[in-house]
Structures are given as C-alpha cells and as structure tokens.
Amino acid sequence: MSDIVLLFSQPFMQRALLGGILTGITGGLLGSFTVVRHLSFFSDALGHSTLLGLSVGIVCGISSPSLMVLPFALLFALLVTYLIEKTDLWTDALLNLIYSSSLAIAVLILSLSGESQGNLHSLLFGDILALKTADLVTSGLLLLVCSLFVGLTFRTQMLLTLDEPLAIARGVNLWLHRNAFMVLLSLVVATSIKAIGALLVGAFVVIPACAARAISRDFTGYVLWSAGLGALSAAAGMLLSGAFNLPSGSSIVLAQLVLFLMATFIPKISSFAVSFNQSKPKL
Amino acid sequence: MTLVPLPNLPSPACSTVLEVNQLTVRRGQQATLQDISFNLEAGTDVAIIGPNGAGKSTLVQSILGILPREAGSVRLLGQSVSANRPIPAAVRHQVAYLPQNFLVDRRIPLTVGELVALGWDKLGLQLPWAQRAVRRAAVKSALERVSAGHLARKFLSELSGGETKRALLAYCLVRSRQLLILDEAPAGLDVRGEADFYQLLYELKAEQGWTILQISHDLDMVRKHCDRVICLNRRLLCQGVPEMALAPESLSATYGPEFVRYRHHNHAC
Chain A
1178 MSDIVLLFSQ
1188 PFMQRALLGG
1198 ILTGITGGLL
1208 GSFTVVRHLS
1218 FFSDALGHST
1228 LLGLSVGIVC
1238 GISSPSLMVL
1248 PFALLFALLV
1258 TYLIEKTDLW
1268 TDALLNLIYS
1278 SSLAIAVLIL
1288 SLSGESQGNL
1298 HSLLFGDILA
1308 LKTADLVTSG
1318 LLLLVCSLFV
1328 GLTFRTQMLL
1338 TLDEPLAIAR
1348 GVNLWLHRNA
1358 FMVLLSLVVA
1368 TSIKAIGALL
1378 VGAFVVIPAC
1388 AARAISRDFT
1398 GYVLWSAGLG
1408 ALSAAAGMLL
1418 SGAFNLPSGS
1428 SIVLAQLVLF
1438 LMATFIPKIS
1448 SFAVSFNQSK
1458 PKL
Chain B
955 MTLVPLPNLP
965 SPACSTVLEV
975 NQLTVRRGQQ
985 ATLQDISFNL
995 EAGTDVAIIG
1005 PNGAGKSTLV
1015 QSILGILPRE
1025 AGSVRLLGQS
1035 VSANRPIPAA
1045 VRHQVAYLPQ
1055 NFLVDRRIPL
1065 TVGELVALGW
1075 DKLGLQLPWA
1085 QRAVRRAAVK
1095 SALERVSAGH
1105 LARKFLSELS
1115 GGETKRALLA
1125 YCLVRSRQLL
1135 ILDEAPAGLD
1145 VRGEADFYQL
1155 LYELKAEQGW
1165 TILQISHDLD
1175 MVRKHCDRVI
1185 CLNRRLLCQG
1195 VPEMALAPES
1205 LSATYGPEFV
1215 RYRHHNHAC
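These protein sequences, in sequence, are chains A and B. My numbering puts the first residue of the first sequence at 1178, with every later residue one more than the last. My numbering puts the first residue of the second sequence at 955, with every later residue one more than the last.
The hints are simulated quantities; they were obtained by calculation from the structure and are not laboratory data. All of these numbers come straight from a predicted model, not from anything done at the bench. By construction, the Cβ of each residue, glycine as well, lies at the ideal position given by its N, Cα and C atoms.
Here are a few chain B residues that face chain A, going by a calculated C-beta distance under 10 angstroms:
hint, residue
1, R1039
2, I1041
3, A1043
4, Y1051
5, P1063
6, E1068
7, A1071
8, G1073
9, L1077
10, L1079
11, R1107
Please take these sequences and the hints and turn them into a complete structure.
Below, the structure written as structure tokens:
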C-alpha cells in the first residue's frame, strides 16, 4: 500500500492519473453519442488512420507526432463526413475503406523511406506515463470545449440521435452539428493516442458508453454515467497498473471491461435472484 | 388520361399556413416531383394520396428541407423556406412532423418523457436544466391528455405500437403548434389501433385548432375526416373535396383503372 502511495506521489504518475481521468471523461461524454449513432468504429478507424499522418511526418522530418496527427485527424473527420453525405455507402463500410487504405499507404511509405519506426511503436501502444503538463492542458481544454458543446446543445444532440429528419424538420442545421461533433471526436481521439495508443483508443469511446447503457434509466443519466465510468475506469486502471506494474493503457481497458461486465450482469443476477426468491414456495 | 385540376375549396379560415409553388424535386436524372403547387388554409385537414413511389413522402420532406428541391418555392406561415437552409427560427416551433414508420433504434435509452420534452424544447443554445419545471409540467400535461402519463419513465423500446403513437401525439401536443405534417402516421397499427389513433388525433385537432397535412393510404378515413385531397403521382393530378377527388375517374388517373375496379368490387361485396 505504501508503495502505491509512494508511486502516486511521483509527478509523472500524477500526470498520468490526471491525464487518464480527463481522457476518460471526454471519451465517455462523446462516446455516449458515438455509440448510439453507430459511429463506434470511427474512433478505431481514426486511430489506425493516424499512422498515415505520422508516417508522412517521419518522411518530412517532423519530430513531434502531434504536429502531424492533429491536422490529419481533422482532415479525416471532414473527409468521412463528406463521404457519408455524398455516397450511399454504409458508414462502417466507408470507415473500413478509408482506414485500410490509410494503413496500407502508411506501411508502404515507412517501408520505402527506411526511417526509424520508434515513433510508430509509441503511436500504436501509447505511453501515458510520458504525458507532459502541456498534454494535460490540451486534454483539459478539450474536455471544457466538449462539455460546453454537449451541455449547450444537449437537446439538439438528443433529437439528432433519435431521428435526423425529425431534427431537420425542427430547424436543426444537420451539416453544422454533424461536422462539429465529428471534428471534436477526432480531436479527442487524436490527443488520446499519445496516452493510450492507436490500438486501444477506441475502447475509451465505446466501452464506458456500453456499460452506461446497461445501468441508466434515461438518456441524460446514460450520458452522465458514460462520462463517470470513463473517469472511474481510468483511475482504477492506473491503480491496477501501479500495483502490479502492468502496462497502463491495457490496464485501463481491462478496468473498463470489468465495469462493463458488472453493469451488464449484476442487475441481471440480482433480478434473477429476486424472481427466484419470489418463486420459491413458502414453507 | 389528363385530368383538369379541380378548383380549390374556399376555406372558412382565410389565413394560409402553407404555400407550395411549382415545386420540383429530382433524384439523379429523373424528376421525382414536377411542378407541384397547392395551398393549405388554417384549420383544414388535407390528405395527400397516391400509389407507392408517387412522391408523397418526397413532397413533405422537400417542404420541410429534409430533401433538397430543384425548383419552386415554399412559404410556411408567411415565411419563405429556403431550399438548402434550416426552417426559419420564427416558424420552426409551429410545425410538428411525424415521419413514416418512426423507426428509432430501440436500443437508444430514451424515455417517453424525454421524447415529449424534445417536442417542447426550442433547440437553441441553452443549459440542459433551463426551464426545467416548466418543461416537466408541460410534458406531464401532454402525456396525461393522451392517457399516457404512466409511460413517462418507460424506454421507447418498451412501448407497443399504439403506445408509441400516443407518445408521438404528446410530442406534437406539448407545445402550441399550427401545422402537423403526418407521413402515414398510423402505419403499423391494427384496425382497432388505427381507429383509436384517429379518434385521438381529431379530438386534439378540435381542441388545438391544428392544420393537418397528412399522407394516407386509407381512403375511407380520408373521405370521412379530410376537408381536401391532393392526388399525386409525381405531379399533382387533382385537388379538391373528397367527393370529387375520390371519384372513380380521379382515382383511376391516380392509381390506375385496375385499382378502381378492385375497390368497386370490394365495396360491392
């Protein structure tokens, strides 16, 4: 126990814990809408596609991955939104098309350039312990912007999630809201990649929302639970990682999975127990 | 066969709620709708009839800006509705639209109370808890009016077809409106459910003074309730009172002669 306290007294662990919680809240907040809008695959696809941004950056001699990943994420979001509007293709098929192509081109560029692939490893698996104060400021600002966006347009987002034609008939600007949401989601995913890695970033968006769906009694509660479970799983995962010296990103995703299983099965087990007890003949 | 358009009925209320002029909608190279013009007077109940693929849903969706239109103009409560812009703020809360087969993803954790509250909200930038007490009272009142107060905490996924329709009527009712646009609203209900739906709809129409534009395949209901009928098959074939618009020659032009023979045979039986 004292080892854990000592570990979390280190500034790098405090930054990692805070970074995980900020990312968890933001991912859960936007994830709640992402999941019910059938965009779960978007964060995964974006995570994988940022490899293309990074590989172009490596070839161009740009040392900071963020300088390439953020603009690339924005471009990706706008391209996906444009293609969803302009083609009759299914969203998941379209995302698969874009991310497979980006990944293939990224691998080709890297293999042809023969550059060091150290950055590639950190992009794939992330390193939450390497977060700097500037990263926390960026995550905090993003959380603030996302909270304001969701908070101030909450009713509009609900109606858009329920039925787009119904929202348009009420004067909602679909194009504006769709693009704003996609851009914010892209920025959240892109900034989270440094901490969590491209392979696991999708979990931060999807799993807390799925857990929240199982325990919430209305839509407002669902969104709040999703953000809360995102933060809780990040804190629990960091403790797990510190206690057993495990990789942080994977530990957080494991904590998310445990919360999801508890949220899904504990109510079912307790309702089964209640109905079993009621059906038992009284002696 | 070419029909001479029937004259519009003079309406007891003079104010025009909706004006559609020479509206044309294209999908690809083909015109889905061509030169559609009609007016909707306040307090009237107008039905759009026509076969599948006639462009009925396209017409109402292009009026509301859900689908783009190639030509023509739409004025809603005196305000011009641009082809590629949201409905003007001044009139957007005066209109309620219920789409065909309201097929929401049943896994969305939205309660009936929240759905009805969405009908009350003005959807601008606002804090989520703004006017909470007023909204809650309006939702309660609307749900009780449609005998659905007990459904407020239920998820949409837990509702039967009839309960869903009542929740949607509460969504329309929760705020004072002038125009209801219904796209086959009772679709999916059985005969009893459909009768209950229309009974409630027309009770509410009498109370609220709604103007209704509805797409319907139920010609008997149209004959019984509607003030005017628009016969559509990619272009406006005729419009007038039900007795004229539902006459065999109008129906024959709209649906084809086989339909009239079939309908005549069934009614004779």
